[in-house]
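Peer 1: Here the first sequence is numbered in the working numbering, starting from 1 and rising by one per residue.
No wet-lab data here; the hints were simulated from the structure. Note that CB positions come from ideal geometry on N, CA and C, so glycine has one too. Certain hints may be false.
Claimed, not checked - Derived pair list, reagent style SDA-like, types lysine to any residue, alpha-carbon separation capped at 20 Å: (1) K244 - F210; (2) K212 - A156; (3) K242 - D20.
Stated by the list, open to error - Derived DEER-like restraints, expressed as beta-carbon distance ranges: (4) K195 - S135: 13 to 23 Å; (5) V187 - F86: 23 to 33 Å; (6) D188 - F164: 11 to 21 Å; (7) N110 - G196: 34 to 44 Å; (8) E46 - T176: 32 to 42 Å; (9) H118 - R258: 30 to 40 Å; (10) E46 - D155: 38 to 48 Å; (11) S135 - V190: 22 to 32 Å; (12) A81 - L182: 16 to 26 Å; (13) A45 - K212: 21 to 31 Å; (14) D204 - A41: 23 to 33 Å; (15) D155 - S74: 16 to 26 Å; (16) K242 - A38: 23 to 33 Å.
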Amino acid sequence: MRIATWNVNSVGARLPRLLDWLETRAPDVACLQETKCAVDAFPTAEVESLGYQVAVHGDGRWNGVALLSRVGLSEVRTGLAEEPGFPDPEARSIAATCGDIRVHSVYVPNGRTPEDPHYAYKLRWLEALRATTASELADHPHAVVCGDFNIAPTDADVWDPALFVSSTHVTAPERTALAELLGLGLVDVVPRPGKGPNPFTYWDYRAGAFYKDMGMRIDLVYATPPVADTVRDAWVDRETRKGKGPSDHAPVIVELDR
DNA sequence: ATGACCGGTCGTACCGGA
Numbered sequence: 001m002r003i004a005t006w007n008v009n010s011v012g013a014r015l016p017r018l019l020d021w022l023e024t025r026a027p028d029v030a031c032l033q034e035t036k037c038a039v040d041a042f043p044t045a046e047v048e049s050l051g052y053q054v055a056v057h058g059d060g061r062w063n064g065v066a067l068l069s070r071v072g073l074s075e076v077r078t079g080l081a082e083e084p085g086f087p088d089p090e091a092r093s094i095a096a097t098c099g100d101i102r103v104h105s106v107y108v109p110n111g112r113t114p115e116d117p118h119y120a121y122k123l124r125w126l127e128a129l130r131a132t133t134a135s136e137l138a139d140h141p142h143a144v145v146c147g148d149f150n151i152a153p154t155d156a157d158v159w160d161p162a163l164f165v166s167s168t169h170v171t172a173p174e175r176t177a178l179a180e181l182l183g184l185g186l187v188d189v190v191p192r193p194g195k196g197p198n199p200f201t202y203w204d205y206r207a208g209a210f211y212k213d214m215g216m217r218i219d220l221v222y223a224t225p226p227v228a229d230t231v232r233d234a235w236v237d238r239e240t241r242k243g244k245g246p247s248d249h250a251p252v253i254v255e256l257d258r
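Kindly generate the complete structure, drawing on both the sequences and the hints.
Peer 2: Written as structure tokens, this is what we have:
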């Protein structure tokens with residue numbers, strides 16, 4: 001079984017690439033983030049024609065998450081329990097049962113700067129994610145929580161930690177929130193790098209960041225032990241970040257012996 | 001060469017992204 005997570009940065013702008021990627025990488029389950037489209041605008045028919053079932057949670061212009069599965073897709077849940085908003089709740093999480101695994105696709109708020117109200121929102125949202133995940137795991141011991149967490153778990157997950165002092169994505173409260181999520185009994189499935197020493201998953205479009213490998217690992221796969229024990233391989237699909245018209249994120253692909 | 005921001009909107013600048 002192959003599970004992938006990918007921040008596509010607009011499914012509308014990425015549709016030809018998304019369809020090509022589904023055909024060539026053939027994930028059994030794909031967690032998408034930043035679809036940036038309303039539920040009705042999602043290219044459901046095109047994705048279904050490749051053999052996938054589709055579950056979508058969308059706002060319109062921003063945010064948006066989706067789950068694609070060709071191993072079954074049931075018990076869809078959108079949003080978190082007591083989900084905070086900015087000011088209203090946004091389309092940032094979706095979960096479903098795919099095969100024998102409960103799969104969550106999440107898009108954590110950016111935070112902008114530590115002084116910005118968006119940062120406090122990010123921390124509130126992470127607490128709601130922790131609480132919802134805790135109750136979900138009680139019912140589903142085989143689970144993965146995948147997505148764009150907008151947090152680099154360690155300094156090794158940023159190309160130059162000195163540049164990120166006092167920036168979002170690396171602050172202690174954000175990393176503590178991640179640690180508390182892991183503390184529910186999850187395992188960080190760190191992928192192999194696509195190239196070079198670091199398993200980065202995001203590179204800014206500007207200043208040649210990708211070819212200089214000035215990236216971050218912010219797209220994460222957290223798995224419960226019964227799932228983590230079956231990981232055969234995990235890798236950054238760096239090829240998908242190349243060429244004309246890529247997302248600024250690369251997919252993370254996890255191969256399971258199941 | 002992977003090659004030096006991009007996607008969205010009621011916009012033809014500016015916000016959001018990270």
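Peer 1: Each of the hints needs a verdict: does it hold here or not?
Peer 2: Status of the hints after comparison with the structure:
no.	hint	verdict
1	K244 - F210	13 Å, holds
2	K212 - A156	16 Å, holds
3	K242 - D20	14 Å, holds
4	K195 - S135: 13 to 23 Å	39 Å, violated
5	V187 - F86: 23 to 33 Å	30 Å, holds
6	D188 - F164: 11 to 21 Å	19 Å, holds
7	N110 - G196: 34 to 44 Å	26 Å, violated
8	E46 - T176: 32 to 42 Å	41 Å, holds
9	H118 - R258: 30 to 40 Å	38 Å, holds
10	E46 - D155: 38 to 48 Å	41 Å, holds
11	S135 - V190: 22 to 32 Å	26 Å, holds
12	A81 - L182: 16 to 26 Å	20 Å, holds
13	A45 - K212: 21 to 31 Å	39 Å, violated
14	D204 - A41: 23 to 33 Å	27 Å, holds
15	D155 - S74: 16 to 26 Å	40 Å, violated
16	K242 - A38: 23 to 33 Å	30 Å, holds
Consistency with the previously given hints fails for numbers 4, 7, 13, 15, ordered from lowest to highest.
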